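A.B. asks: If you read the sequences in order, they're chains A and B.
Here this note's numbering is used: position 286 in the first sequence is 286, and no number is missing along the way.
Here this note's numbering is used: position 94 in the second sequence is 467, and no number is missing along the way.
These are calculated hints, taken from the structure and not from any lab test.
None of the values given here were measured: they were computed from a predicted structure.
Any given hint could be a false lead.
[As the list claims (entries may be wrong)] Each pair of labels, with its calculated beta carbon distance range: (1) B/M374 to A/R353: 23 to 31 Å; (2) A/M5 to B/Q445: 44 to 52 Å; (3) B/G420 to A/A45: 38 to 46 Å; (4) B/A464 to A/D329: 19 to 27 Å; (5) B/R384 to A/G286: 53 to 61 Å; (6) A/G17 to B/A464: 20 to 28 Å; (7) A/R318 to B/A448: 27 to 35 Å; (8) B/E396 to A/G25: 31 to 39 Å; (9) A/G17 to B/E422: 43 to 51 Å; (10) A/M5 to B/E486: 37 to 45 Å; (11) B/A448 to A/P184: 53 to 61 Å; (12) B/D452 to A/A169: 41 to 49 Å.
Cβ coordinates follow ideal geometry from the N, Cα and C atoms, glycine included.
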Amino acid sequence: MADLMRLGLHDLHLSLGGKMVPFAGYEMPVQYPAGVMKEHLHTRAAAGLFDVSHMGQVILRPKADMAALVAGFEAMMPVDVAGLAQGRQRYGLFTNDAGGILDDLMFANRGDHLFVVVNAACKAADIAHMQAHLSGVAEVIPVTDRALLALQGPAAEAALARIAPQVAAMRFMDVGIFDSAYGPLWVSRSGYTGEDGYEVSVPDAGAEGFARALLAMEEVQPIGLGARDSLRLEAGLCLYGHDIDTTTTPVEAGLTWAIQKVRRTGGAREGGFPGAARILAELAAGTARSRVGLRPEGRAPMREGVELFSAEGEALGRITSGGFGPSVDAPVAMGYVAASHAAIGTTIFGELRGKRLPLTVCDLPFQPTTYKR
Amino acid sequence: MKFTKEHEWLRVEGDLVVVGITEHAATQLGDVVFVELPETETMVATGDEIVVIESVKAASDILAPLDGEIVQVNAKLADNPGLVNEDPMGAAWFFKMKVDDLSAMDDYMDEDEYADYIG
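Just chain B, same shape as in the assembly (with noise of 0.2 Å):
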């Protein structure tokens, strides 16, 4: 599993990417009461803003951490985006992606480096 300094985590499925948020991430939102997912087949660049998060407190984005084509969402979260704060390691993806390049992946933070991250 990889993370970004946005706190997402990433972690290859086959010859997929998929995509959440830590549990840190998720501490520090507090209660996520809306999540907004894109739209499957649409092809995103690393960096734009693709998930809206909503919590009690404020809105947050989730930013493409590669390039690539975003194939599934959670539709979950759409129903229940509560989910988030109490599975966000696991059922609380938000979505996965094929990637242009896998090896993109190796600029982000192992788990002990993002562990030294967060402090």
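Isolated chain A, as found in the complex (with noise of 0.2 Å):
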């Protein structure tokens, strides 16, 4: 794996006993001695921890003032940015002239500033594509020196509150920032696998101290990249470059929610972001294809790349994440479906070695979230 990145914590993850892989251009745990079964379960009941430091951590500092910044970020999604309460942070999607999805991200207002989070293997893009719409209003700096960790699950409050006593009083989607005995944590209330929990923003020196102090609590384990992506899946969170790429719209995807109303037709400050004009036409008269849950029958895994169809044998579509939710103890995918089929509880059928087996359109997310809200 010589041109591959490492994490700054790659050796605690070998000592920890993590079966490294490729990913985004990291070498990554994709699970521990647990496996991936047990280390999902672990998470719904206790708490997990992942080092997600591949993701890219931007600060946008403003030139001049505050308004211009949040002017320009919003110019680059459908999303209310000037919305967002100081202390606060919210889903946000970069779009195409298309209408096309170039990354989810995630980002915080935090006064004098704005935080984002987006995708590892988007990152280089998501910077370039930030410098190149806002070195007008605002420095785009890459955060380099931190390392970025999520603590999931119903036990995450009490143990991260033995680090930050503060974090036990944030809701879902608040930041804040906290001294520590590790150096000053970032901190999000939010995450990625359907649980309430956190995200820690930590410095490189103090990353592998604080992994470890949290390791050595009775209720946190290391968590890999599998297990992260079938919590994700049971939770129905789209992931970038499978779920949702260039070629999908956020209408198409189903994140109409992550759409603010002042930023439709008829908003305060509607349109004026990449695609609008297909966006809004998309929310108005709707979507040929959308993106929905399936629950194969049986238990056999329907994976991502299963071409759908109808039982007239009409090409409907295809999943686009897929596989066994240990959770639901059940195989559980997404994928995008003609909109004829799209409603829940209709029967279609994928294509799985050669024979056609049935799949039922159902509700998103699979396992109930846990968000403290």
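Once you've looked at the hints, go ahead and assemble the two chains, each given alone in its own frame, into the complex.
C.D. replies: In structure tokens:
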């Protein structure tokens, strides 16, 4: 794995028995000795610690005033940036002129600047994209001296509060900066597992001590990318490059909840983002296809790439994420399906090893979320 | 016991050959969540894909290691695919076959050779 970058906590992962695999240009732990199934279930039962330091952390610092930065950033996304209160985080989507999705991200209002977290595979492009759009109003500053760790699950609050007691009072999508023995922690109450929990940016110098302190707690186990994927799939969350990409729009992807009213037709700041013509038209008139949840009948998982058909044999779309859901205890999948067959409860068919096997279109998420709102 | 490069083990039991996957293979696969077994009384040729194993990570096939007839399959695996991780070399055998030519087993690795093969 010579061309791959290593995480700051690489040696910690090895010492924990992490099995390292290439992912988005990094050597990442896909699982630890417990294995994907146990790691997944442990996260839902107690608390799982994930190293997501491969993701891009970026500070957007206004050159003059915050309002110009906010307006500039808002012009990149169909999302309400100006209405985000200080100390809060929101989900965002960079779109292109065709309405496709360049990346999905989290951004936080930290008073005098914005803090953005983007996907690892997209981070170079995202940084260039932000520089191109924001160079007049902001400095785009990649944060390269901090690890990013996620602590997820029902015991996450109790565990992290032993290090930073202030986190207990946070609500879902709150952000805060707290001093700790490991340096200033940039904490958000969020994550990508469907569980309550936190993402914590910690200075490189303190990262191993912070991770070891958490792992020393009875509730906390290290969790690899394998379980991260099955957890986010059960939570119905999109994986960029699989469930969403430049060929899918936010409306097709069912991400309309991320497009606040103020940016929609009739809103105070309607449109004015890349792809607005298509996205606003789709919000009004619907789309030819939609991302849906899918439950294969039986026990055989249907994975990304499985082609979907109607009972009459008409091609309907394909699965974009699929596998076995350890908490659901059944195979689960997501994919794009023609609008004619996208209603909840519709039976469609996926082609698996030459056989067309039934799946039911279902509501997302598969596993109820437990965010602390 | 004999071993294939595809990480199957073969054990002679009377006039039948019992086939499963090795501990090494089970570990590599991760948690097994689904096993699709062949029909009994099926004639198979060496290299036919006759079992599908799905783990939390991926799907893989088990190939027929010899020419012959599938005479028995391990129905326990359909209800409890996790048995493959718990006892891959014992209770989690996949199928028993009546083979045309037992001497074809000689081509496969013995335990020491397999241990070298997986390093």
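A.B. asks: Look at each hint and say if it fits the structure.
C.D. replies: Do the hints match the structure? See the list:
no., hint, in the structure
1, B/M374 to A/R353: 23 to 31 Å, "holds (29 Å)"
2, A/M5 to B/Q445: 44 to 52 Å, "holds (51 Å)"
3, B/G420 to A/A45: 38 to 46 Å, "holds (43 Å)"
4, B/A464 to A/D329: 19 to 27 Å, "holds (21 Å)"
5, B/R384 to A/G286: 53 to 61 Å, "holds (59 Å)"
6, A/G17 to B/A464: 20 to 28 Å, "holds (26 Å)"
7, A/R318 to B/A448: 27 to 35 Å, "holds (33 Å)"
8, B/E396 to A/G25: 31 to 39 Å, "holds (33 Å)"
9, A/G17 to B/E422: 43 to 51 Å, "violated (32 Å)"
10, A/M5 to B/E486: 37 to 45 Å, "holds (38 Å)"
11, B/A448 to A/P184: 53 to 61 Å, "holds (58 Å)"
12, B/D452 to A/A169: 41 to 49 Å, "holds (47 Å)"
The structure is inconsistent with hint 9 alone, although it conforms to all the rest.
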